Amino acid sequence: MTMLSKLLTGASLALAVGVTSFPVYAETPANMLVIANRIDDVTTIDPAESFEFAGSDISRNVYSRLVILDPLDLEAGYKPDLAESWDVSEDGKTITFTMRDDATFHSGNPVRAEDAAFSLQRAVILNKTPAFILTQFGFTPENVTETIRADGNKLIITTDQRYATSFVLNCLTATIGGVVDKETVMANEVDGDMGNVWLRTNSAGSGPYMLDRWTPNDNVTLSSNPDYYGGAPAMERVIVRHVIESASQRLLLERGDIDVARNLNPEDIAGVSDADGIQVVDELKGRLMYLALNQQHPELSKPEVRQAFKYLVDYEGMQNSFLNGQYTIHQNFLPATYLGASDENPFSYDLDKARELLEAAGVENLEIEIGVREAQERMEIAQSFQNSAAQVGITVNITVGTAKQILDRYRARELDVYLGAWGPDYPDPQTNAGTFAYNPDNSDEANATGLLAWRNSWDTGGLTEKVDAAVVEGDREKRVQMYLDIQEEFRETSPFVIMFQQIEQSAMRDNVTDFSTGQAVTNAAYWQVTK
Amino acid sequence: MALTEDNKQRRPTRAPFSNHVWPILKTALLTLGSIAVTLIGLVFITFVIGRVMPIDPVLAIVGERASQATYDEVYFQLGLDKPVIVQFLYYLWDVVHLDFGISLLNARPVSEDIARVFPATLELATLGIFFGVVLGIPLGVLAAVHKGSWIDQIARVVALVGYSMPIFWLGLMGLLVFYGILGWVGGPGRVGIFYIDVVPSVTGLILVDTALAGNWDAFKNAFSHIILPASLLGYFSLAYISRMTRSFMLEQLSAEYITTARVKGMSEWNVVWKHAFKNIRVQLITVIALSYANLLEGSVLTEIIFSWPGIGSYITTALLSADMNAVLGGTVVVGLIFILLNIFSDLLYRVFDPRAK
Chain A
0 MTMLSKLLTG ASLALAVGVT SFPVYAETPA NMLVIANRID DVTTIDPAES FEFAGSDISR
60 NVYSRLVILD PLDLEAGYKP DLAESWDVSE DGKTITFTMR DDATFHSGNP VRAEDAAFSL
120 QRAVILNKTP AFILTQFGFT PENVTETIRA DGNKLIITTD QRYATSFVLN CLTATIGGVV
180 DKETVMANEV DGDMGNVWLR TNSAGSGPYM LDRWTPNDNV TLSSNPDYYG GAPAMERVIV
240 RHVIESASQR LLLERGDIDV ARNLNPEDIA GVSDADGIQV VDELKGRLMY LALNQQHPEL
300 SKPEVRQAFK YLVDYEGMQN SFLNGQYTIH QNFLPATYLG ASDENPFSYD LDKARELLEA
360 AGVENLEIEI GVREAQERME IAQSFQNSAA QVGITVNITV GTAKQILDRY RARELDVYLG
420 AWGPDYPDPQ TNAGTFAYNP DNSDEANATG LLAWRNSWDT GGLTEKVDAA VVEGDREKRV
480 QMYLDIQEEF RETSPFVIMF QQIEQSAMRD NVTDFSTGQA VTNAAYWQVT K
Chain B
0 MALTEDNKQR RPTRAPFSNH VWPILKTALL TLGSIAVTLI GLVFITFVIG RVMPIDPVLA
60 IVGERASQAT YDEVYFQLGL DKPVIVQFLY YLWDVVHLDF GISLLNARPV SEDIARVFPA
120 TLELATLGIF FGVVLGIPLG VLAAVHKGSW IDQIARVVAL VGYSMPIFWL GLMGLLVFYG
180 ILGWVGGPGR VGIFYIDVVP SVTGLILVDT ALAGNWDAFK NAFSHIILPA SLLGYFSLAY
240 ISRMTRSFML EQLSAEYITT ARVKGMSEWN VVWKHAFKNI RVQLITVIAL SYANLLEGSV
300 LTEIIFSWPG IGSYITTALL SADMNAVLGG TVVVGLIFIL LNIFSDLLYR VFDPRAK
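Protein chains in written order, with numbering that gives the first Met the number 0: chain A, 0 to 530; chain B, 0 to 356.
It is possible that part of the hints are untrue.
Stated by the list, open to error - Which chain A residues face chain B? A few, computed with CB under 10 Å, are given here:
id : residue
1  : PRO28
2  : ASN30
3  : MET31
4  : ASP39
5  : VAL41
6  : THR42
7  : THR43
8  : ARG99
9  : ASP100
10 : GLU235
11 : GLU244
12 : GLN248
13 : ILE367
14 : LYS403
15 : LEU406
No lab work stands behind these hints: they were computed from the structure.
The model shown is predicted, which means the values in this text are computed figures rather than measured ones.
By construction, the Cβ of each residue, glycine as well, lies at the ideal position given by its N, Cα and C atoms.
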């Protein structure tokens, strides 16, 4: 697809040059929001199973959760949603939610604590890909009916140990926290699947939108829920059309046949940024681009070499050229907009400093292999790094491969250096702290392939314990400070060279207000949008 | 001569019924056998390629950050621990029962997906080949009859542009001009936003479904959306068909029987259409069948640019996502189309060429 992308980009450029304005302009109805987006990653819309971006967008608008991240105030963190309040026990292990009494499902059934308990129990029992977000609190299929239970209009959750309340609640804002209509779901159960097959393509939520239809690789249509307890959304119908090609999205936007284009490439963004009636909105997303140095390598494990690599990246050069508008410099494992995120970016492109550090480490004529997947921007970053490294005497051999080729070797600790991307799983700092800076057993036998620190054979030198401590800290402010401290130490000592954070640029008609793709912490929300 | 009793006895009698039926049955059985063997070969090759390609269906399901235990669990669930030949036999058994498995991408049966995406491609390809044939054949004939004239030169340029212009560029320019600037046609997608799912899907062919429903507004809208991509595909078919027609016709027009016909005073119309053209029909059938088969594979770039949910983009997306069930299912269907079109063109040979009987 690389060649295909190049060809299409070339054609898009031709289009950008050829078009300045359009004499014919249509307009979508005032009560309808039409979005062009790539939705070919939607595999299921069951909240217990959905783990992809476009699927999570649907889920966020269809399923209400106990707590919500307000799209108009994401910085505030979680707020009450189906749970109007909660109490935490003295030992910090039990949270008792009080459910609101005015919420109903799209079926008309009332939303009960029993539904909320069923939804979380179901996610644990089904044990699909995102189940770890809940099972990390000690819930298992065997104990879940006791650890997650309903009592009247109360939902009671008991974790296996004390955790920061913010950690638990942040996890409940994830897609897997969506509350499903127990009666409707169980009426569609087949062979004990708890309605999983049915919910993959149907919905049973209580959110601001109802799913009308999802046609894979074509469109998703949502209708507003007139009985939504938060008030019926202004956009009565939302249509998400699957449009892959950036130039096609741009044409649709400029013609007024869509309101929002979510996948414009930098050339098309530049093309529409000055167009009449169109605005471009930037949002920071969670994806980080990083280099990781395998600590089994005798030279790469030297602290000075780890530091030197952090001065070998031409951060600004890349940000201002081929990554322009798509990524911004970010050198911490928590993406900006996350709780505890740091905006410290102490490293800059400094060949003299890198040379000095390499000399101090006694490294000469180093030759390393970088593994990178065949994605355009990653290969360009690898080439930029290769050029920089060559100037200090390091020979970098770039191995480009498919996900299987590269990730298999990365997971098996076989690569010298890996260049890749990482996105958070849920909106809590633990999601990245628990993989970048956490490695309780660095032995090969541990086979902890899910942990990035383990993949790079890095004994975190005390950070693991600090991550453990931060995840149980009940005081939010203290917890924030703990993550700031962990990241400060991580920046200096870790074998990770975190370089960039992704930006999503959405182009939309200028009458669209309050559209949110959810920043780094969550997904797109439509109910607050007006036109 | 009077018919004697002996003569009556010796008179050839009608062959037994089986003598008529058996050759037909034998041909049919051989054809079916040939289809089966070709399909099994196709499935086997695709299956093996799918297994040796550096893509990992397990990773596609569990994600990059899954633990080894989760990875292993799915690995065994997919039966990847079994020998390839055993996996193939299992798969073949399912295919025989029209079960192409479940798509890893959307957790739906692949057969359902194909039933959804193939009509979109069929509709586009059929309209495309219609344009290609209706315009390409007369253009080729005219170019041959007026060899070296300005008509021939125009036909050459038209074909050259069709051959050499990248389809994605032409597609985007077509969208820009006819949709973006002039507003004469609909944009990407099969219908506009007001017509999504307004008529029930009976055949999956949106023009047919809207006509069956009697919803002529929806029909017009669907037609405005299909006309540009179909014309584009038709243009590429036209380029090929017109050049081949010209070449076949030139060969016929230089034959002695054509000279004889002209000497006898036959009108040029009759010479060209009733004699020369009649003799190139069999060759043209092959050309058209191949063009149609190519279109039915799904033009990936056209489908991407026009957001057309057809089989080409379906297979491509599946391939890039390591969804081998979908890739295999799509490949089998495309292979079957090729085979069926070949059989169909063989049958047409028999109609148009008495020697083939």
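Item to complete: May I ask you to test the interface hint for ARG99 (chain A) with respect to chain B, counting a Cβ-Cβ separation under 10 Å as satisfied?
Response: violated, 33 Å
Item to complete: May I ask you to test the interface hint for LYS403 (chain A) with respect to chain B, counting a Cβ-Cβ separation under 10 Å as satisfied?
Response: holds, 4 Å
Worksheet item: Under the criterion of a CB-CB separation shorter than 10 Å, is ASP100 (chain A) in contact with chain B as hinted?
Response: Given a least distance of 35 Å, the restraint on ASP100 (chain A) is violated.
Fill in: chain B contact restraint on ASP39 (chain A) - CB to CB distance below 10 Å
holds, 5 Å
Worksheet item: Does THR43 (chain A) pass the interface hint, meaning its C-beta sits closer than 10 Å to a C-beta of chain B?
Response: holds, 5 Å
Worksheet item: Is the shortest C-beta separation between GLU235 (chain A) and chain B less than 10 Å?
Response: Not OK, violated: GLU235 (chain A) not within 10 Å of chain B, min 13 Å.
Discussion item. Under 10 Å is the threshold here; is the Cβ of GLU244 (chain A) close enough to any Cβ of chain B for the hint to stand?
Written reply: holds, 5 Å
Worksheet entry | Supplied contact hint for LEU406 (chain A), tested at 10 Å Cβ to chain B | Result: holds, 6 Å to nearest chain B Cβ.
Practice prompt. Return the status of the interface hint for VAL41 (chain A): holds when the least beta-carbon distance to chain B is below 10 Å, violated otherwise.
Written response: VAL41 (chain A) check passes; min Cβ-Cβ to chain B is 7 Å, inside 10 Å.
Worksheet entry | Closest C-beta approach of GLN248 (chain A) to chain B relative to 10 Å, hint status | With Cβ-Cβ at 8 Å, under 10 Å, it holds.
Worksheet item: Given ILE367 (chain A) was flagged as interface, is its beta-carbon under 10 Å from a beta-carbon of chain B?
Response: violated, 22 Å
Worksheet item: Should the interface hint for MET31 (chain A) be scored as holding, given a Cβ-Cβ cut-off of 10 Å against chain B?
Response: Hint holds; MET31 (chain A) Cβ to chain B Cβ min 7 Å, cut 10 Å.
The earlier numbered hints that this structure contradicts are 2, 8, 9, 10 and 13.
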